[in-house]
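Student: Residue numbers (UniProt numbering), protein chains in the order written: chain A, 1 to 240; chain B, 1 to 240.
If you're looking for bench data, these hints aren't it; they were derived computationally from the structure. A couple of the hints might just be wrong.
Which copy? The list can't say, so a pair holds if one copy fits it or any two copies do.
Here are the simulated SDA-like cross-link-like pairs (lysine to any residue), alpha carbons at most 20 Å apart as the crow flies [what the hints assert, rightly or not]:
no. : residue 1 : residue 2
1   : K87       : R222
2   : K139      : A177
3   : K153      : E195
4   : K139      : G196
5   : K102      : G217
6   : K111      : M1
7   : K87       : E133
8   : K102      : P70
9   : K187      : G217
10  : K212      : M180
11  : K139      : S215
12  : K111      : N2
13  : K139      : I214
14  : K102      : H159
15  : K111      : Y175
16  : K187      : T237
17  : K150      : A121
18  : K139      : M216
19  : K139      : Y175
20  : K139      : Q218
21  : K87       : M1
22  : K139      : R222
Number of protein chains: 2
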Amino acid sequence: MNLLLLRSDDFLDPQHVRLCGQRLDHINEILGSQANDALRVGLINGLCGTARLLSINSTEATLHVTLDTPPPAPLPLTVVLALPRPKMLRRILKNTAEFGIKQLHLINSYKVEKSYWQTPALKPETCKAYFEEGLIQAKDTVMPELHLHKRFKPFVEDHLPTIIDGQQAFVAHPYNAEPMPSPSTEKRVIVIGPEGGFTDYEIDLLQQQGVKTISMGQRIYRVENALTRLTCQLSATPHG
Amino acid sequence: MNLLLLRSDDFLDPQHVRLCGQRLDHINEILGSQANDALRVGLINGLCGTARLLSINSTEATLHVTLDTPPPAPLPLTVVLALPRPKMLRRILKNTAEFGIKQLHLINSYKVEKSYWQTPALKPETCKAYFEEGLIQAKDTVMPELHLHKRFKPFVEDHLPTIIDGQQAFVAHPYNAEPMPSPSTEKRVIVIGPEGGFTDYEIDLLQQQGVKTISMGQRIYRVENALTRLTCQLSATPHG
Numbered sequence: 001m002n003l004l005l006l007r008s009d010d011f012l013d014p015q016h017v018r019l020c021g022q023r024l025d026h027i028n029e030i031l032g033s034q035a036n037d038a039l040r041v042g043l044i045n046g047l048c049g050t051a052r053l054l055s056i057n058s059t060e061a062t063l064h065v066t067l068d069t070p071p072p073a074p075l076p077l078t079v080v081l082a083l084p085r086p087k088m089l090r091r092i093l094k095n096t097a098e099f100g101i102k103q104l105h106l107i108n109s110y111k112v113e114k115s116y117w118q119t120p121a122l123k124p125e126t127c128k129a130y131f132e133e134g135l136i137q138a139k140d141t142v143m144p145e146l147h148l149h150k151r152f153k154p155f156v157e158d159h160l161p162t163i164i165d166g167q168q169a170f171v172a173h174p175y176n177a178e179p180m181p182s183p184s185t186e187k188r189v190i191v192i193g194p195e196g197g198f199t200d201y202e203i204d205l206l207q208q209q210g211v212k213t214i215s216m217g218q219r220i221y222r223v224e225n226a227l228t229r230l231t232c233q234l235s236a237t238p239h240g
Numbered sequence: 001m002n003l004l005l006l007r008s009d010d011f012l013d014p015q016h017v018r019l020c021g022q023r024l025d026h027i028n029e030i031l032g033s034q035a036n037d038a039l040r041v042g043l044i045n046g047l048c049g050t051a052r053l054l055s056i057n058s059t060e061a062t063l064h065v066t067l068d069t070p071p072p073a074p075l076p077l078t079v080v081l082a083l084p085r086p087k088m089l090r091r092i093l094k095n096t097a098e099f100g101i102k103q104l105h106l107i108n109s110y111k112v113e114k115s116y117w118q119t120p121a122l123k124p125e126t127c128k129a130y131f132e133e134g135l136i137q138a139k140d141t142v143m144p145e146l147h148l149h150k151r152f153k154p155f156v157e158d159h160l161p162t163i164i165d166g167q168q169a170f171v172a173h174p175y176n177a178e179p180m181p182s183p184s185t186e187k188r189v190i191v192i193g194p195e196g197g198f199t200d201y202e203i204d205l206l207q208q209q210g211v212k213t214i215s216m217g218q219r220i221y222r223v224e225n226a227l228t229r230l231t232c233q234l235s236a237t238p239h240g
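Could you build the full structure based on these sequences and the hints that come with them?
Tutor: Structure (structure tokens):
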């Protein structure tokens, strides 16, 4: 655990926190921490800092908390992704938070299997748990926002223009594509298709909204690897 | 299946191939191909091309094969990686082949659990199967080479100098690190530590061999994501 994530209702007063349940078990069983030990903490959607363990037993721990450091810079990239199969979705939700992506739009596409929309991984509380895992890994506190769009054409025509809002927008597509642009600290939008790619019709609709096709090279990557690669290739954060 | 991988012993003569078993089942059940259909093929460690199905039934298929295209360019990056836990190792083996890494050295480190070296995923035939999955995904034919080094110090002192051989070599490490260099088409070596990182002693030994510490930024990435990010950030292939 690289960061102990705190919620506002954990606080007894602005500097003291009481923990029980899963996080307490982790501190006891995995970290093996004892009174006076220091832990790296962060408040969900708030600052990071340190905590000193005042007391700990098998039912609760109390901590003295100092929150004084901003979380890592967000990735200036909005991701629009054709809903992947559930197993891959789970890893992608974790990665979204781990990479600092703060806006994730999961969309339908011709090659997305209808059953994927029924996965329990899309339940808000399950998504949140995956996002928390990614935040803890990356020592981040800022929850990504997840948006679901079950119809492709209305999404592209009615929502995408508002999302793009003057930013550069790209779709990874092997045909008639421009070379990969350089990483930028400017806000950008990346659209990533399903396994098998978008149909020509879908690419046309995206292009009508000003989305530019870019090539990832000769190799075809699995969707989660495409996402990881594109976050590096398109976006730079001020502090790396 | 983006590519049907052929082995030299599949060939009846230089232009004809007979398939049975798993690959035949895939053609029948997943692709649903019929006589006269075209398939994208590649010969392991050889050229890519196309094949026309001459005949197919439930026990065998015969194909007319034309091999005329080189596989995608390899990634000019040798990867030295502290052996990850087995579940992650399996994905990393696939990714190694998918990304075009051709030299993978798995090494020991203080924070590598001894039991990891016993995983069935390290059996040569199992590794080969994961590599094949990655090659098929990326439409590549060139098998990565896997090297196992169960002792850290002898690896760093006796093998690493030969691997580096005048190339730039980096280790991802958050402390006293230089900023990430730009991607290059030059051959490079990247060393990636275990979860929890290398010890100071290990970093010292690496630095004595000319390995430079570079920072991945404020976030801490899971090992498989660190590998994917570093392949993008350090290496460029001539055709993207």
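Student: Confirm or reject each hint.
Tutor: Structure-based check of each hint:
Proximity of K87 to R222 under the C-alpha cut-off of 20 Å is found in both arrangements, the shortest distances being 13 Å within a copy and 17 Å between copies. When the C-alpha separation of K139 and A177 is checked against a cutoff of 20 Å, the pair qualifies only between copies, where the shortest distance is 19 Å, while the shortest distance within a copy is 36 Å. Only within a single protomer do K153 and E195 lie at most 20 Å apart by alpha-carbon distance; the minimum there is 19 Å, versus 43 Å between protomers. For the homomeric pair K139 and G196, the shortest alpha-carbon distance between copies (14 Å) is at most 20 Å, but the shortest distance inside one copy (34 Å) is not.
Taking the shortest alpha-carbon separations for K102 and G217, only the inter-copy value of 17 Å comes in at or below 20 Å, while the best intra-copy value is 27 Å. Proximity of K111 to M1 under the C-alpha cut-off of 20 Å is restricted to the inter-copy arrangement: shortest distance 15 Å between copies versus 37 Å within a copy. Taking the shortest alpha-carbon separations for K87 and E133, both the intra-copy value of 16 Å and the inter-copy value of 17 Å come in at or below 20 Å. With identical chains, the CA atoms of K102 and P70 are at most 20 Å apart within one copy only, with a shortest distance of 16 Å there and 40 Å across copies.
Taking the shortest Cα distances, K187 and G217 sit within 20 Å of each other only across copies (19 Å), while inside one copy they are farther apart (23 Å). Only within a single protomer do K212 and M180 lie at most 20 Å apart by alpha-carbon distance; the minimum there is 10 Å, versus 28 Å between protomers. For the homomeric pair K139 and S215, the shortest alpha-carbon distance between copies (15 Å) is at most 20 Å, but the shortest distance inside one copy (32 Å) is not. Taking the shortest alpha-carbon separations for K111 and N2, only the inter-copy value of 16 Å comes in at or below 20 Å, while the best intra-copy value is 37 Å.
Taking identical chains as interchangeable, the C-alpha atoms of K139 and I214 lie at most 20 Å apart only when they sit on different chains, with a minimum of 19 Å there against 31 Å within one chain. Within a single copy, K102 and H159 get their C-alpha atoms as close as 17 Å, which meets the 20 Å cut-off; across copies the closest is 43 Å, which misses it. Taking identical chains as interchangeable, the C-alpha atoms of K111 and Y175 lie at most 20 Å apart only when both belong to the same chain, with a minimum of 18 Å there against 45 Å between chains. In this homomeric assembly, K187 and T237 come within 20 Å of each other (Cα to Cα) only inside a single copy, at 10 Å, whereas the closest approach across copies is 26 Å.
Taking identical chains as interchangeable, the C-alpha atoms of K150 and A121 lie at most 20 Å apart only when both belong to the same chain, with a minimum of 15 Å there against 39 Å between chains. In the homo-oligomer, the alpha carbons of K139 and M216 lie at most 20 Å apart only across protomers (13 Å), although the nearest pairing inside one protomer, at 29 Å, exceeds that limit. In this assembly of identical chains, the alpha carbons of K139 and Y175 lie at most 20 Å apart only when taken from different copies (16 Å versus 38 Å within one copy). Taking CA atoms no more than 20 Å apart as the test, K139 paired with Q218 passes between copies only; the shortest distance there is 8 Å, against 35 Å inside one copy.
For the homomeric pair K87 and M1, the shortest alpha-carbon distance between copies (18 Å) is at most 20 Å, but the shortest distance inside one copy (23 Å) is not. In this homomeric assembly, K139 and R222 come within 20 Å of each other (Cα to Cα) only across copies, at 12 Å, whereas the closest approach inside a single copy is 26 Å.
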